[in-house]
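Undergrad: Here is how the chains run, residue by residue.
2 protein chains.
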Amino acid sequence: MRISVPDAAWRDRLADLDLEVIVWDGSTPQPDGYLDVALWPYDVAPTALAGIDPSRIGLVQGQSLGYDSVREFLPAGGRYANAVGVHEGATAELAMALLLTATRRMDEFGDAQRERTWAKHWAPGLIGRRIVLIGVGGIGSELMARLAGFGAVVVNVASTPRDDVHGIDELPALLSSADAVVIAVPLTESTVGLVDADFLARLPDGAVVVNVSRGKVVVTDAVVAEGGRIGFASDVFDPEPLPPDHLLWTVPHTIITPHVGGMSSSMATRVEALLRRQIGRLAAGQEPDHVVVA
Amino acid sequence: MRISVPDAAWRDRLADLDLEVIVWDGSTPQPDGYLDVALWPYDVAPTALAGIDPSRIGLVQGQSLGYDSVREFLPAGGRYANAVGVHEGATAELAMALLLTATRRMDEFGDAQRERTWAKHWAPGLIGRRIVLIGVGGIGSELMARLAGFGAVVVNVASTPRDDVHGIDELPALLSSADAVVIAVPLTESTVGLVDADFLARLPDGAVVVNVSRGKVVVTDAVVAEGGRIGFASDVFDPEPLPPDHLLWTVPHTIITPHVGGMSSSMATRVEALLRRQIGRLAAGQEPDHVVVA
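Residue numbers (the working numbering), protein chains in the order written: chain A, 1 to 294; chain B, 295 to 588.
Isolated chain A, as found in the complex (with noise of 0.2 Å):
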């Protein structure tokens, strides 16, 4: 089996397995010869993937969960996996932080530090608030599990109904006695322009919208709109990287993370454990896991 790695940092990590490891990090041309699995560098642009050749590599494994750009650009032919059980923790522990930052209000104690100043102030906080968590995915799963302790009530949502989930036919009556909401569903038709303005229109004066998921998912022009009335607590944004000169970034009670859901340094740990499983089903001759593109 020949497989490539993006860096010799990653073909260290392997170089107990039984197989030839090649250093490519996808911004240079393909190697010759047959790859039976390119694992696919976390910062690449998936615009890359449109040069390679598809018939010289069994399974290209993706990094990130999202992969809404990849079924554009990979030639037919090809074969993608998405890196599924690597970033759902680290992008629901980001959530908590952009939720626990906005309903502490930790960007204003932020602001008075910078100026050395000793500036209490009373914020809602976690406890006892109605909290709307729609996607009950990988995401939202790790979400539910670290907002147990918050002593908040946590209302999920998702497409479909089921036990102590409800319907997003359900969603607008949810929305007025919410404190906040947490978007942690995938991009799809149905979840475009989810959060626009008659959406935020039902939220009650202060509420905070937190987005882990696309950024497609929220109307940022409504948010704009919004002038501060809700709180927005986001990490994905429509467009993105965010130009410098958006009106968002000055809107009152936005906080803004540059899309760094997953990058928590024990990613490494986790997507080469999600390798290694995929190595180990090739080499069985099974079909590898979560491909997504193909």
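Read the hints as simulated data drawn from the structure, not as lab findings. Positions of the beta carbon are idealized from the N, C-alpha and C atoms, including for glycine. Don't take each hint at face value.
[Stated by the list, open to error] Listed next, with one range per pair, are the computed distances between beta-carbon atoms: (1) B:SER559 <-> A:ARG202: 21 to 27 Å; (2) B:ASP515 <-> A:VAL84: 47 to 53 Å; (3) A:ASP196 <-> B:VAL317: 45 to 51 Å; (4) A:ALA201 <-> B:VAL586: 44 to 50 Å; (5) A:THR117 <-> B:GLU409: 17 to 23 Å; (6) A:PRO239 <-> B:PRO466: 47 to 53 Å; (7) A:PRO29 <-> B:GLU402: 35 to 41 Å; (8) A:VAL84 <-> B:GLY487: 44 to 50 Å; (9) A:ALA283 <-> B:SER559: 53 to 59 Å.
[Said to hold, decoys possible] Negatives, chain A to chain B, calculated, CB over 10 Å: (10) SER69; (11) GLU72; (12) PRO186; (13) ARG276; (14) GLU287.
[To be verified] Non-contacting residues of chain A with respect to chain B, defined by C-beta distances greater than 10 Å in every case (computed): (15) ALA15; (16) THR28; (17) PRO29; (18) MET96; (19) ALA201.
Using the hints provided, position chain B relative to the given structure of chain A.
TA: Frame of chain A, contents of chain B only:
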């Protein structure tokens, strides 16, 4: 029965009770006559307790958990109960906000947002990290509940070892492998100066100390002397308030909140529940709970 509360809003909250409720905010002379309970204002310094006539107040009910300065000011014969069960959850919540701000470097994203800069960077996060939690009382228990879902290895330390709790004498050995230490101990003779130069020197580079107990548990100069080698995310300080010219404000990787652990706006609901329990106990001829100075 006759009680005093700090403002008219408090009187309205208790309007259903069959007793005389007068308004006294502690900053004016004590009202004539006997008070079974005086609900002490949250934001009036304990120094004002020095002016009361303890023979005419059955119980001073504080709204804070800490009471280390009450003993100094309450006249002999006075009886003071602290606010057990009111702040522990909110303080643990702020500790989580501080811990996540430090370990996901939310402060640096805040800096970047001010400059409208999209600046990705990695951060250690909590998944798989070793968190040493010192103190397993009210705040410590609430912290354990909140930490449980984050995928960290939580190591509990208390003055007395027991099942799953290490004794404080084991602390030096535990610090060398800690990614974060959260301080949730009361201020006692044995915890004053617990986090000193020796303590900090044992921590690996980049570890984070979170303090939500009392300022004097940490030797501030020792933190300053580390110069940012250790992250310090704290709600309490020695001195407090931290003066504008204090060096700590600008030590790298320092996150400062101005003693707002209990300042979640859900606090009044919990103080009310405590006050009603105390009134009920007194009406039934029982001793009040949580009397810490008498």
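Undergrad: For every hint, state whether the structure bears it out.
TA: Hints, verified against the model:
1. B:SER559 <-> A:ARG202: 21 to 27 Å: 22 Å, holds
2. B:ASP515 <-> A:VAL84: 47 to 53 Å: 49 Å, holds
3. A:ASP196 <-> B:VAL317: 45 to 51 Å: This hint holds: roughly 47 Å between Cβ atoms.
4. A:ALA201 <-> B:VAL586: 44 to 50 Å: Taking Cβ atoms as reference, ALA201 (chain A) and VAL586 (chain B) lie about 49 Å apart, which means the hint holds.
5. A:THR117 <-> B:GLU409: 17 to 23 Å: Check passed, 20 Å falls within 17 to 23 Å.
6. A:PRO239 <-> B:PRO466: 47 to 53 Å: Cβ of PRO239 (chain A) to Cβ of PRO466 (chain B): about 51 Å, so the range 47 to 53 Å holds.
7. A:PRO29 <-> B:GLU402: 35 to 41 Å: 37 Å, holds
8. A:VAL84 <-> B:GLY487: 44 to 50 Å: 48 Å, holds
9. A:ALA283 <-> B:SER559: 53 to 59 Å: 57 Å, holds
10. SER69: Given that every Cβ of chain B is farther than 10 Å from that of SER69 (chain A), nearest at about 17 Å, it holds.
11. GLU72: At roughly 22 Å from the nearest Cβ of chain B, GLU72 (chain A) sits farther out than 10 Å, so the non-interface label holds.
12. PRO186: Check passes; 22 Å lies beyond 10 Å.
13. ARG276: At about 17 Å from chain B, ARG276 (chain A) clears the 10 Å cut-off, so the statement holds.
14. GLU287: GLU287 (chain A) is indeed farther than 10 Å from all Cβ atoms of chain B, at 28 Å.
15. ALA15: It holds; ALA15 (chain A) is separated from chain B by about 22 Å at its closest Cβ, greater than 10 Å.
16. THR28: 23 Å, holds
17. PRO29: 27 Å, holds
18. MET96: 6 Å, violated
19. ALA201: 24 Å, holds
In this structure, only the earlier hint numbered 18 is contradicted, and the remaining ones agree with it.
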